[in-house]
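Protein chains: 2
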Amino acid sequence: MKIVIVGGVAAGASAATKARRTNESAQIILFEQGEYVSFANCGLPYYVGGTIPKRDSLLVVREELFRKRYNIDVRVLSQVTKINRDRKTITVFDRKNNTTYEESYDKLIIATGARPFVLPFLKDCKNSYTCFTLYDVDRIKEDFAKKHVKKAVVIGAGYIGMELAEQLCEIGLDCTIIELKESILPQFDKEMTNPILDTLTTKGIKVKTGISVTDAKIEDGVAKKLVLSNGEEIECDAVFQTAGVIPNVELAREAGLEVNRGIVVNSKMQTSDPDIYAAGDAVEVRSIVTGTNVWIPLAGPANKQGRVAGCNAAGGDLEFKDVVGSSIIKVFDWALAKVGLSENECKSLGLDYNVTIVHPLHHAGYYPGGKQLTIKLMFDNKTGRIYGAEVVGKEGVDKRADVIATAIYAGLTVFDLENLDLVYAPPFSSAKDPVIMAGMTAANILRGEIKNILPDRVYELLDNKEYFILDVRTPEEYEFGHIKGAVNIPVDDLRGRINELPRDKKIIAYCGVGFRSYHACLILKANGFDCFNMSGGWTSWRMYYPDLVE
Amino acid sequence: MKIVIVGGVAAGASAATKARRTNESAQIILFEQGEYVSFANCGLPYYVGGTIPKRDSLLVVREELFRKRYNIDVRVLSQVTKINRDRKTITVFDRKNNTTYEESYDKLIIATGARPFVLPFLKDCKNSYTCFTLYDVDRIKEDFAKKHVKKAVVIGAGYIGMELAEQLCEIGLDCTIIELKESILPQFDKEMTNPILDTLTTKGIKVKTGISVTDAKIEDGVAKKLVLSNGEEIECDAVFQTAGVIPNVELAREAGLEVNRGIVVNSKMQTSDPDIYAAGDAVEVRSIVTGTNVWIPLAGPANKQGRVAGCNAAGGDLEFKDVVGSSIIKVFDWALAKVGLSENECKSLGLDYNVTIVHPLHHAGYYPGGKQLTIKLMFDNKTGRIYGAEVVGKEGVDKRADVIATAIYAGLTVFDLENLDLVYAPPFSSAKDPVIMAGMTAANILRGEIKNILPDRVYELLDNKEYFILDVRTPEEYEFGHIKGAVNIPVDDLRGRINELPRDKKIIAYCGVGFRSYHACLILKANGFDCFNMSGGWTSWRMYYPDLVE
Ligand SMILES: Cc1cc2nc3c(=O)[nH]c(=O)nc-3n(C[C@H](O)[C@H](O)[C@H](O)COP(=O)(O)OP(=O)(O)OC[C@H]3O[C@@H](n4cnc5c(N)ncnc54)[C@H](O)[C@@H]3O)c2cc1C
Ligand SMILES: Cc1cc2nc3c(=O)[nH]c(=O)nc-3n(C[C@H](O)[C@H](O)[C@H](O)COP(=O)(O)OP(=O)(O)OC[C@H]3O[C@@H](n4cnc5c(N)ncnc54)[C@H](O)[C@@H]3O)c2cc1C
Ligand SMILES: CC(C)(COP(=O)(O)OP(=O)(O)OC[C@H]1O[C@@H](n2cnc3c(N)ncnc32)[C@H](O)[C@@H]1OP(=O)(O)O)[C@@H](O)C(=O)NCCC(=O)NCCS
Ligand SMILES: CC(C)(COP(=O)(O)OP(=O)(O)OC[C@H]1O[C@@H](n2cnc3c(N)ncnc32)[C@H](O)[C@@H]1OP(=O)(O)O)[C@@H](O)C(=O)NCCC(=O)NCCS
Ligand SMILES: [Ca+2]
Ligand SMILES: [Ca+2]
Numbered sequence: 001m002k003i004v005i006v007g008g009v010a011a012g013a014s015a016a017t018k019a020r021r022t023n024e025s026a027q028i029i030l031f032e033q034g035e036y037v038s039f040a041n042c043g044l045p046y047y048v049g050g051t052i053p054k055r056d057s058l059l060v061v062r063e064e065l066f067r068k069r070y071n072i073d074v075r076v077l078s079q080v081t082k083i084n085r086d087r088k089t090i091t092v093f094d095r096k097n098n099t100t101y102e103e104s105y106d107k108l109i110i111a112t113g114a115r116p117f118v119l120p121f122l123k124d125c126k127n128s129y130t131c132f133t134l135y136d137v138d139r140i141k142e143d144f145a146k147k148h149v150k151k152a153v154v155i156g157a158g159y160i161g162m163e164l165a166e167q168l169c170e171i172g173l174d175c176t177i178i179e180l181k182e183s184i185l186p187q188f189d190k191e192m193t194n195p196i197l198d199t200l201t202t203k204g205i206k207v208k209t210g211i212s213v214t215d216a217k218i219e220d221g222v223a224k225k226l227v228l229s230n231g232e233e234i235e236c237d238a239v240f241q242t243a244g245v246i247p248n249v250e251l252a253r254e255a256g257l258e259v260n261r262g263i264v265v266n267s268k269m270q271t272s273d274p275d276i277y278a279a280g281d282a283v284e285v286r287s288i289v290t291g292t293n294v295w296i297p298l299a300g301p302a303n304k305q306g307r308v309a310g311c312n313a314a315g316g317d318l319e320f321k322d323v324v325g326s327s328i329i330k331v332f333d334w335a336l337a338k339v340g341l342s343e344n345e346c347k348s349l350g351l352d353y354n355v356t357i358v359h360p361l362h363h364a365g366y367y368p369g370g371k372q373l374t375i376k377l378m379f380d381n382k383t384g385r386i387y388g389a390e391v392v393g394k395e396g397v398d399k400r401a402d403v404i405a406t407a408i409y410a411g412l413t414v415f416d417l418e419n420l421d422l423v424y425a426p427p428f429s430s431a432k433d434p435v436i437m438a439g440m441t442a443a444n445i446l447r448g449e450i451k452n453i454l455p456d457r458v459y460e461l462l463d464n465k466e467y468f469i470l471d472v473r474t475p476e477e478y479e480f481g482h483i484k485g486a487v488n489i490p491v492d493d494l495r496g497r498i499n500e501l502p503r504d505k506k507i508i509a510y511c512g513v514g515f516r517s518y519h520a521c522l523i524l525k526a527n528g529f530d531c532f533n534m535s536g537g538w539t540s541w542r543m544y545y546p547d548l549v550e
Numbered sequence: 001m002k003i004v005i006v007g008g009v010a011a012g013a014s015a016a017t018k019a020r021r022t023n024e025s026a027q028i029i030l031f032e033q034g035e036y037v038s039f040a041n042c043g044l045p046y047y048v049g050g051t052i053p054k055r056d057s058l059l060v061v062r063e064e065l066f067r068k069r070y071n072i073d074v075r076v077l078s079q080v081t082k083i084n085r086d087r088k089t090i091t092v093f094d095r096k097n098n099t100t101y102e103e104s105y106d107k108l109i110i111a112t113g114a115r116p117f118v119l120p121f122l123k124d125c126k127n128s129y130t131c132f133t134l135y136d137v138d139r140i141k142e143d144f145a146k147k148h149v150k151k152a153v154v155i156g157a158g159y160i161g162m163e164l165a166e167q168l169c170e171i172g173l174d175c176t177i178i179e180l181k182e183s184i185l186p187q188f189d190k191e192m193t194n195p196i197l198d199t200l201t202t203k204g205i206k207v208k209t210g211i212s213v214t215d216a217k218i219e220d221g222v223a224k225k226l227v228l229s230n231g232e233e234i235e236c237d238a239v240f241q242t243a244g245v246i247p248n249v250e251l252a253r254e255a256g257l258e259v260n261r262g263i264v265v266n267s268k269m270q271t272s273d274p275d276i277y278a279a280g281d282a283v284e285v286r287s288i289v290t291g292t293n294v295w296i297p298l299a300g301p302a303n304k305q306g307r308v309a310g311c312n313a314a315g316g317d318l319e320f321k322d323v324v325g326s327s328i329i330k331v332f333d334w335a336l337a338k339v340g341l342s343e344n345e346c347k348s349l350g351l352d353y354n355v356t357i358v359h360p361l362h363h364a365g366y367y368p369g370g371k372q373l374t375i376k377l378m379f380d381n382k383t384g385r386i387y388g389a390e391v392v393g394k395e396g397v398d399k400r401a402d403v404i405a406t407a408i409y410a411g412l413t414v415f416d417l418e419n420l421d422l423v424y425a426p427p428f429s430s431a432k433d434p435v436i437m438a439g440m441t442a443a444n445i446l447r448g449e450i451k452n453i454l455p456d457r458v459y460e461l462l463d464n465k466e467y468f469i470l471d472v473r474t475p476e477e478y479e480f481g482h483i484k485g486a487v488n489i490p491v492d493d494l495r496g497r498i499n500e501l502p503r504d505k506k507i508i509a510y511c512g513v514g515f516r517s518y519h520a521c522l523i524l525k526a527n528g529f530d531c532f533n534m535s536g537g538w539t540s541w542r543m544y545y546p547d548l549v550e
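Residue numbers (UniProt numbering), protein chains in the order written: chain A, 1 to 550; chain B, 1 to 550.
It is possible that some hints are incorrect.
No distinction is drawn between identical chains; accordingly, a pair holds when it is met within one copy or between any pair of copies.
In silico SDA-like pairs for lysine to any residue, Cα to Cα no more than 25 Å straight-line [said to hold, decoys possible]:
(1) K525 - M1
(2) K371 - K394
(3) K54 - P427
(4) K321 - D380
(5) K123 - E345
(6) K88 - V264
(7) K146 - K217
(8) K217 - N266
(9) K484 - E219
(10) K268 - T383
(11) K525 - N71
The set of hints was computed from the structure by calculation and includes no laboratory data.
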């Protein structure tokens, strides 16, 4: 049995070790076009910024160990240029010796990953960088040591761009981020990223969204200025291209395998050719949430898929389950996570969804150090099945995201979320954990106990005379800032002042986080009013409209 | 509609507010025998130790707010002494005015909680304390301010005892813990608590397990010395009684309601009398894991049950789902969590279970600051259904516990755990999260890929000639400490030295955490050996047998 693997990092290296564990006697060859196998891609930005001080830490499993422990024939600097399915061989270009040869396989695993998208006009610039390989970061580190680099421009505010911008800022660079979409981290609903945008600004990072880089002023192969879609020109000592990644599917496509955006595989990670498996950033897999294929270029799925592919190729039997789509990013002291769908995604899929937003502390309020976090939960408007969640905050974000990811994986509903039995002691959570709070508020909506409304809808209704906006906070809170046109009646006075409210209008109530206005709505409802609770209250409003002054 | 609630803290106060939210016009009366409603029981030890500096923080919802916002008639210092089901009234003893009266109800909610177990011979000692109410901690704080208190003895090393001991140590007391059972935090399997025991010792806390307090030398109402079951006598300035809690079920029992250990309720939190609901520490509920009734005196269930009881009593319709049994405790920089069953519990229930132990870092190894955590996962030996888990470590413990709690709630198996799609970025996790690692190792056992063995079984086999113990770590690691009689062949040399192993014996392999020995076992298996992997390796061994010298 001869197993050949193309690509030697997350999926490929995982496939190789698992193939060996599954089959002690198989011949296993791992081809990698780069110089290194099994390196920590996800650590690269942190090495650039010195958070990870030692380059060595990035080398997870060394070539040497693949040989000794796993008896795997590792061939680096070896680019696979063709799959010859007719004779079950691959064509390999040996970059070291500049030679080409064919290698046969019984089972082939394609783990070619993805590559960064690069603006054509910056392609060969001496001061243009990607952050994708050890070669890339070595080049960055060397140039930083040699040249005077002060002005950095990061093109693309996705995960890698944001991590890199943070790290560049940490080492003192003057940093500008340019993002084509309307907001940073565009995988997220905009309001969830606004707290982070605020911190970026505080840190001195300039952020330009809704703008693209259209050209560059290049002198001696050095990009001196970038030309933006708004006509602006900005100076740069170094340009970082983090405007997305492209799956490396050409090999597969040319071999006639079924490829959409990514290579199509079944749950065994088998391509349309049963002797060829594929895994990692090069494949697409099915979403648990939508039931359709999605392309999720992330390390968790890549490693698990590689394991499944390696096992099955070697004669074992493993299955890769549908994905939730879970991701997280740290930006300075913020964490922002997403599991399943964003609201935007629910909307564009035409789902009949509803949303709740809560802002509880990450642990008991009476225990010092609690940090507020925001959970935005999307769910089916009839069944309560969880579609997705976004979580932002400074502590405990990953926990809530993972709990909801597990709930989505299991097909749970918001009626389950409100009943979860989670661990509680004051340093870790509240008796009603934030996830449970999100579940309760969602379930209340579906049970018809409360009608909720999101800030963006309230914004649209600001001048609508059929609606009356009621601020149920204290006068002090109201004075400090409120929604234009809102009338203030504190919740605790509401029963006595109910006659001040117009009987002919719909009431939109809000408070600090939605808790008091929820109660206000219940009182109003009992008194015959048609009332909406603005989800997450003033805190949500400020996330949606941080720049609105009133 | 008149709703009467007995007990005004976690379950009772939750029931009251939820009843109001469900029914704006009901009359709601909340009876509390103590001075305060809605206080943070769980914060009490932290107030004693000053971690929570302000007493005020412990008052979650004030009497005043219950009146104003919730229109609830709160009656403190009012002890309910009898339930008169025949005429649907309760008898109330007004402690302030020393009077007794009857109050009628349409629906009654019993939320009487639990009380601390107190050793009879210490009952009236001036320097004996419980830590259960604000009155208790006020007394502690006052006495600490007035008297010279240096030597503290904590009786009972459960959650409250341990939190209290930590806090007493933080304020400089000389602290001794006495625990009847064989180990501290006896809800857990012993080895999971050993790292904490070690820290207690380092902090100067003396821990005596397997020992009870049998008597006291009392002078002028002050306990000067405690007499222990081993004959020892220890001096004490202050004694803290944290040796367990007893459910307050007498009212219910005397009223003829069905009571086992706790009051019996259905999923609506209804007792055997449909007009009487019960919630909190006074009730027992069904376990998702075992399907039998369990008594879980914790705040999470209490609050959720109170909510359900309050809703249903007020005419709503909510259901309380079966519990997982989830808890966590912080002890100095350790966190220790449990969800579902411990191994001991699996054993005593006679379940056909298996166990895996893993010790991964709480986040990616190449990102600085990763802390090792230990997950011990119990699962059905055939189906892989998760029975329970214990997690100990310094970071990320609560997250892993909550993910597994959610998995148990959803009835997932270890085959699901290995497939969870959890959020990953280097500061938060690894591409294969510790929970996924636990899932993979468990699933491998059930798939028959590897046979595992726990340290305590290995210990029993130490002198058994049919077994050969193989240490596959490096010679350096081996020299530093190893299991008695183990022979060292590093995993990476194993293929070449396989003839050094006895063909007529079963091999028990171990390494640092179980990963290398897993691979070693696979190599040996492929070569015809019958091989067992010691789960969690040397790290587990040291947890099981910290004092064993070799
Ligand atoms: C800077 C950065 C940060 C990231 N951070 C995170 C994070 O925090 N969380 C997360 O989940 N994911 C993160 N990712 C994504 C994650 O690294 C990828 O999803 C994962 O590495 C994909 O694994 P893969 O094996 O499919 O591809 P890769 O790891 O990219 O490996 C593919 C390999 O195949 C080789 N190859 C391609 N074509 C050929 C060929 N024809 N012949 C031979 N070799 C070939 C390539 O050289 C490459 O080394 C990050 C990625 C980067 C670059
Ligand atoms: C120090 C301490 C730390 C804790 N830490 C945690 C933790 O970290 N995590 C966790 O989950 N749980 C913790 N708990 C447990 C948690 O506080 C309880 O599970 C929860 O409070 C139970 O709620 P309950 O309403 O049933 O009972 P309680 O909150 O105890 O309230 C019951 C109330 O009923 C009153 N009452 C009783 N009988 C009568 C009567 N006949 N008439 C009038 N009133 C009556 C009592 O005075 C009492 O105030 C802790 C408890 C303590 C004491
Ligand atoms: C490291 C790499 C080669 C995978 O190697 P691996 O041998 O699968 O090792 P892992 O550390 O992932 O361990 C997983 C395996 O060890 C087993 N294992 C882990 N801990 C164990 C323990 N304590 N006891 C027994 N088995 C254990 C798991 O069950 C699993 O084996 P299985 O697949 O046969 O079930 C691959 O992930 C890689 O190259 N990573 C770097 C690149 C990368 O991931 N980039 C993106 C993120 S930065
Ligand atoms: C505070 C206490 C009275 C419960 O009060 P509560 O009114 O239920 O308030 P909570 O803060 O728990 O909030 C939960 C309610 O607010 C709603 N809510 C919370 N945040 C919301 C938001 N942002 N928008 C809308 N609704 C919100 C929830 O849906 C839930 O309402 P529901 O039960 O009708 O679904 C009770 O828990 C208590 O006394 N606690 C102290 C004692 C104690 O718990 N001790 C043990 C632990 S220390
Ligand atoms: Ca509020
Ligand atoms: Ca090891």
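Copy assignment of K321 with D380, given that the CA separation must stay at most 25 Å: For K321 and D380, both the intra-copy (22 Å) and inter-copy (21 Å) Cα distances are at most 25 Å.
Up to 25 Å CA-CA - N266 versus K217, copy category: neither (47 Å within a copy, 74 Å between copies)
task: Pop the pair K371 and K394 into one bin, within, between, both or neither, using alpha-carbon distances up to 25 Å.
output: both (6 Å within a copy, 19 Å between copies)
- prompt: What label fits K146 with K217 when the C-alpha limit is 25 Å: within, between, both, or neither?
  reply: within (22 Å within a copy, 78 Å between copies)
message: Cα distance capped at 25 Å. Does K525 pair with N71 within a copy, between copies, both, or neither?
response: Result: close only across copies, 16 Å inter versus 71 Å intra.
message: One pair to classify: K484 and E219, alpha carbons no more than 25 Å apart. Within, between, both, or neither?
response: Close neither inside one copy (52 Å) nor across copies (70 Å); limit 25 Å.
query: Checking K525 and M1: alpha-carbon separation at most 25 Å within a copy, between copies, both or neither?
result: Between copies, since 18 Å is at most 25 Å while 71 Å is not.
task: Check K123 against E345 for me: Cα-Cα at most 25 Å, and say if that holds within a copy, between copies, both or neither.
output: Cα proximity of K123 and E345: none, with 32 Å in one copy and 63 Å across.
query: Which holds for K54 with P427 at a C-alpha limit of 25 Å: within a copy, between copies, both or neither?
result: between (33 Å within a copy, 16 Å between copies)
- prompt: Given a CA cutoff of 25 Å, do K268 and T383 count as a within-copy pair, a between-copy pair, both, or neither?
  reply: between (31 Å within a copy, 21 Å between copies)
query: For K88 vs V264, is the C-alpha pair at or below 25 Å within one copy, between two copies, both, or neither?
result: Cα proximity of K88 and V264: one copy only (19 Å, versus 68 Å across).
Checked against the numbered hints above, the structure breaks hints 5, 8, 9 and satisfies the rest.
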